[in-house]
Amino acid sequence: MPEGPELHLASLYVNKMCDGVVFTGPVRKSEVSKSPEVPFTCEAYRITAASRGKEVKLTLTPVKTDDTKQRVKAGQADQPMDIVFRFGMSGYFRFTAEDELPKHAHLRFYSKEKPCRVLSYVDVRRFGSWQPNGTWQPDRGPCIMFEYKSFRENVVAHLSDRAFDRPICEVLLNQKYFNGVGNYLRAEILFRLSIPPFVPARTVLEGLESEDTSENGKPVKNDITDTKTTDRAKKKGVKGQMADLLRLCHTVPLEVVNLGGKGYDPEKADYSDFEAWLQCYCVDGMKSIRDHNGRTMWFKGDPGPMAPKDSKSPKAKKRVKKEEDHDYTDKKKLAVSRPESSKKKKVVKQETMLKTPKKRKGACKEAGSKRRKKENTQEVNTPPCERRPAGRQRKSSSAEPTSGSQRRSSRVTRLNSK
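Per our numbering, the very first residue in the sequence shown carries number 2; after that it's consecutive.
FYI, nobody ran anything at the bench for these hints, they're computed from the structure.
Ideal Cβ placement from N, Cα and C applies to all residues, glycine included.
Errors might be hidden in some of the hints.
Computed list of lysine-lysine pairs in BS3-like fashion (alpha-carbon distance at most 25 Å, straight line) [said to hold, decoys possible]: (1) 17 / 113; (2) 17 / 35; (3) 30 / 115; (4) 58 / 104; (5) 288 / 301.
Here are the computed distance ranges between Cβ atoms for each label pair [to be verified]: (6) 260 / 25: 31 to 39 Å; (7) 22 / 302: 46 to 54 Å; (8) 294 / 138: 15 to 23 Å; (9) 17 / 76: 41 to 49 Å; (10) 98 / 311: 45 to 53 Å; (11) 311 / 210: 36 to 44 Å; (12) 65 / 89: 33 to 41 Å.
Work out the full structure: start from the sequences and follow the hints.
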């Protein structure tokens with residue numbers, strides 16, 4: 002799932018690829034997307050991008066010309082428009098030739114050049130969204146990377162909120178306070194500070210100040226700790242001295258950004274440097290458990306006192322297959338699981354179809370042989386109408402007089418002939 006660093010890298014990618022490119026015409030949306038249409042049409046406009054936490058904003062700016070009256074009459078846009086994107090589980094941007102459009106390109110911006118190129122918003126799972134004339138979502142807090150001072154102040158000022166009664170690993174995903182932190186970032190941050198994921202968030206954060214005193218002094222290191230630890234923290238299961246978790250929420254995502262785009266670049270799709278950077282998330286030897294929201298938490302050592310009791314750790318094999326396939330759709334899962342189940346159903350059906358006729362045939366043979374035996378014994382020992390069913394009695398009774406009369410008539414004719 003794209004997190005703060007990936008969305009910032011997406012904005013850098015758009016600015017780099019669209020620098021000097023003029024776009025034209027309407028913004029086109031795919032038919033399958035449930036996001037709204039973008040009511041923007043312009044003969045010539047440019048695209049720039051900016052990011053904030055887990056949001057990216059594209060700004061469409063018309064190129065100024067002298068003939069503004071004709072643009073207004075023709076329905077052309079003469080004012081900039083902001084489109085705010087939220088990437089969901091699999092969103093990203095890609096800039097390609099028109100005949101090389103990605104399969105899941107749900108919003109497209111066409112260049113004015115020939116041959117035409119297209120900036121596409123690609124989203125395989127379609128959990129992402131966009132909002133025309135949008136603004137940064139007001140419920141989200143300051144960005145952990147580029148609004149660090151406001152981010153610290155916001156968290157420290159709201160430590161009394163009920164949200165901080167929850168485990169620290171779950172609070173880190175609350176975008177109201179930690180805008181930009183996602184699943185892999187929370188695992189890496191807590192791992193570097195040796196903080197159990199399921200300890201109360203307030204216990205971890207209550208000793209921190211709204212201003213980072215180390216910012217103006219020595220360079221920030223991952224192992225810097227704060228000696229302001231409380232007896233309550235020790236009782237709650239936080240071992241050793243309290244570390245400045247808010248500082249690492251700022252520095253760790255910047256490390257991903259400083260990888261130089263590797264791990265995001267859709268052209269190369271080379272994740273080797275990013276995988277080498279990971280120390281905890283999906284790393285061999287680490288433990289994993291589902292939190293109270295069903296999200297996978299990777300960690301080392303004791304999970305902490307607030308860990309779910311009945312939570313099961315997901316199997317690592319399935320995760321590896323997903324990473325190799327790079328296909329996160331539910332359709333593929335169904336396609337893989339259906340043939341086996343359908344084969345089993347077909348086999349069961351065929352077996353039942355084959356077995357039931359044998360039983361019926363065997364039953365018919367047994368019934369037929371029994372009837373023949375009965376008929377033979379009845380012909381020898383008993384009268385024909387005593388042990389037969391009623392339906393057969395009627396048929397035999399109607400047939401017997403005719404045969405008897407024929408025998409008598411034949412005897413009479415023989416006597417007369419003599």
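Okay, residue 260 versus residue 25 on CB: inside 31 to 39 Å?
-> About 35 Å separates the Cβ atoms of residue 260 and residue 25, which means 31 to 39 Å holds.
Would you mind confirming whether the straight-line C-alpha gap from residue 17 to residue 35 stays at or under 25 Å?
-> Violated - the C-alpha atoms of residue 35 and residue 17 are around 29 Å apart, more than 25 Å.
Outcome for the supplied range 41 to 49 Å, where the beta carbon pair is residue 17 and residue 76 = 31 Å, violated
Starting from residue 288, check that the Cα of residue 301 is at most 25 Å away, please.
-> 6 Å, holds
Honestly, do residue 65 and residue 89 meet the 33 to 41 Å range at C-beta?
-> 35 Å, holds
C-beta pair residue 98, residue 311: status relative to the range 45 to 53 Å that was hinted | For residue 98 and residue 311 the Cβ distance comes to about 52 Å; the hint holds.
Residue 22 paired with residue 302, Cβ distance criterion 46 to 54 Å | Holds: the Cβ-Cβ distance is about 51 Å, inside 46 to 54 Å.
Distance restraint between residue 30 and residue 115, which requires alpha-carbon spacing of 25 Å or less | This hinted pair holds, its Cα atoms lying about 22 Å apart.
Holds or violated: residue 58 with residue 104, Cα cutoff 25 Å?
-> 23 Å, holds
Given the range 15 to 23 Å, decide if the beta-carbon distance of residue 294 to residue 138 lies inside it.
-> 19 Å, holds
Verify the proposed pairing of residue 17 with residue 113, using a straight-line Cα cut of 25 Å.
-> 17 Å, holds
For the pair residue 311 and residue 210, does the Cβ-Cβ distance stay inside 36 to 44 Å?
-> Holds, since residue 311 and residue 210 (Cβ atoms, about 38 Å apart) stay within the stated range.
Violated hints for the displayed structure, listed by number in ascending order: 2 and 9.
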